[in-house]
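Engineer: Next come the chains, spelled out residue by residue.
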Amino acid sequence: MSSPPMPAVQVTGLRKSFRAAGATIEAVSGIDLTVPAGEIFGLLGPNGAGKTTTLRILTTLLPADAGSVFIAGADVFRAPGLVRRRIGYVGQLGGADKEATGRENLLLAGRLYGRSAADARRRCAELTEVFDLDALAGRPVRTYSGGQRRRLEVALGIMHRPQVLFLDEPTTGLDPQNRANLQEQVRLLRDGGTTIFLTTHYLDEADQLCDRVAIVDHGRVIALGSPDELKERYSADTIEVTADAGAEMLEDVACSLADEPSIASLAVANGTIRVTAVDATQAMALVFGALAARGVPTRAASVARPTLDDVFLRETGRSLRDTGSPSVAAVSEVAA
Amino acid sequence: MSAFAAFGVQTGLFFRRKLFETLRQPVWIITGLTAPVLYLALFEPLLRPLAGTKAFPPGHVVDVFVPGIMVLIAFGAGMGAGWPVIWELDSGVIERLRVTPASRLALLLGTVLRDIVMFAVPGAVVVAIGAAIGYHVHWGGLVLLFVLLALLTAACSAASSALGLKLRQIGSLAAVVTGAQLPLTLLAGILLPLSLGPAWLRVLGHFNPMYYGVQAARSLAAGSVDTGAVGLGFLVMVVITGLAMWWGTRAYQGAMA
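Going down the list, the protein sequences come from chains B and V. Counted the way the numbering used here counts, the first sequence spans residues 1 to 336. Counted the way the numbering used here counts, the second sequence spans residues 1 to 257.
Among the clues, some could well be false.
Part of the chain B face toward chain V, derived, beta carbon under 10 Å [said to hold, decoys possible]:
1. Thr60
2. Arg84
3. Lys98
Treat the hints as calculated values from the structure; they're not laboratory data. What you are looking at is a predicted structure, and each value in this text was computed from that prediction instead of being measured. Even for Gly, the Cβ is constructed at its ideal location relative to N, Cα and C.
Chain B with its partners taken away, still in its complex shape (with noise of 0.2 Å):
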């Protein structure tokens, strides 16, 4: 490739609006993001956080109303037939025609994108092996479950090989199994070259599979780097120490370690000590010479490494978890 790279991805100003019911809802406010060719970028937020209508707008299906949206160096909206040839795109729904069979739906996927007859076969061949569906591709894909069949709709996104493959929610629906299974492709895909642009819910998704992550809620990027930075920017471990003493005593224990540079957080409650501190070693260290120069036993300790919704919890007050409720954005996004 040309030096300087190309990114992969170059959102700069997206915003888009819908009306219902005769209000105007803004599902993307602003959004800003440059993702490098070659790794997988997750889209981290709520329901109605406005990932869908983002991916449907960076994948030509739907117009914006402002902003500028670049992918592999071609303009999404001066020049979407250049920006379709670039792209694989695998939605929510999926996509195969179920009547037909899996080999059918792969046949004609690689044509449209101008293969030959033969081209085509090869690809299918080669793609039915890699996602273990040989043995199915001759049958109607209605009989599939539901992992082979998101297998198959994945293998329909690359049958043309393209530079970024945009996932809308991979492994929502998908048991444990066909969740590491597909996680894995997906690796194995980004090792192939391929740029992965994903949206998921789920925080743990988002912290074992993606390079890079945003988060956005309300049409917004709130938080955007690697899970390990974002989480080591916003939050800190978090460590509790249960100790054989009464609560003046463990107030004391508190208040001599509150100057220590290394502590961010101290909090007594229920013969617990809570602690939150960027190195979790260092501050457990402290709490324990603490309690041992007056002679108090332990009795537990735990510490918690800080997660995704951490982050999400001090932008926005709310914890992920929580936000499974659809909004009226979220119903504004599915009218879309």
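With chain B's structure known, arrange chain V on it following the hints.
Structural biologist: Chain V only, in chain B's frame:
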């Protein structure tokens, strides 16, 4: 590959896909063939006493009735297009196809061409049976009749696809299509010639584009190729087909929001 050749390939692929969709459901093929036969068997005896009255168009009753049934088949073959469109919206098939570089007109044409086949095959059956019971075949007129009604099928098919894409709900589509069916078919004089009706009905008929198709179809079926009715019928069919194709392509192009 040139853009035009790619368009041809894509149209062929979508046509094949739609044809397979129909062939996988033999029930549609059976009803598609039996319905026109039933019309001929059950309706023709009803019309027979009317023939010979002065309002009835001249000719054998089958001669009047065969083109009518053909128009009805064309209308029905085309108007069914919207239902699968809604299933394909719901299952994400259309969304997936819209992300490919495939031409949206090719996407629409695949269905249109399938529907033309779905008109032409039962249409040929009707002609064959009609000929057996007294319809006078005029070959030149018959060929043009099939062309004219292929245009009508195309217009109905494209309009039905567009309606499916816009309405997105089976219920709404069914309401609109069945609601439009009665005035469109009755005011075209498809089964019962409008000449049997009062003057106001005949005037109203002139506002229905299908009326001109039916008039031309009757003329062609009777072997009169160079009449004004035929010219006008082709003109109206070409115009509504063009408009419906434009509308259907536009519907595929975007407006998913």
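Engineer: Decide, hint by hint, whether the structure agrees.
Structural biologist: Results for each hint:
1. About 7 Å separates the beta-carbon of B/Thr60 from the nearest beta-carbon of chain V, less than 10 Å, and the hint is met.
2. Contact between B/Arg84 and chain V, as hinted, is supported at the beta carbon level, the nearest pair being about 4 Å apart and thus within 10 Å.
3. Taking 10 Å as the C-beta cut-off, the interface hint given for B/Lys98 holds, the closest approach to chain V being about 6 Å.
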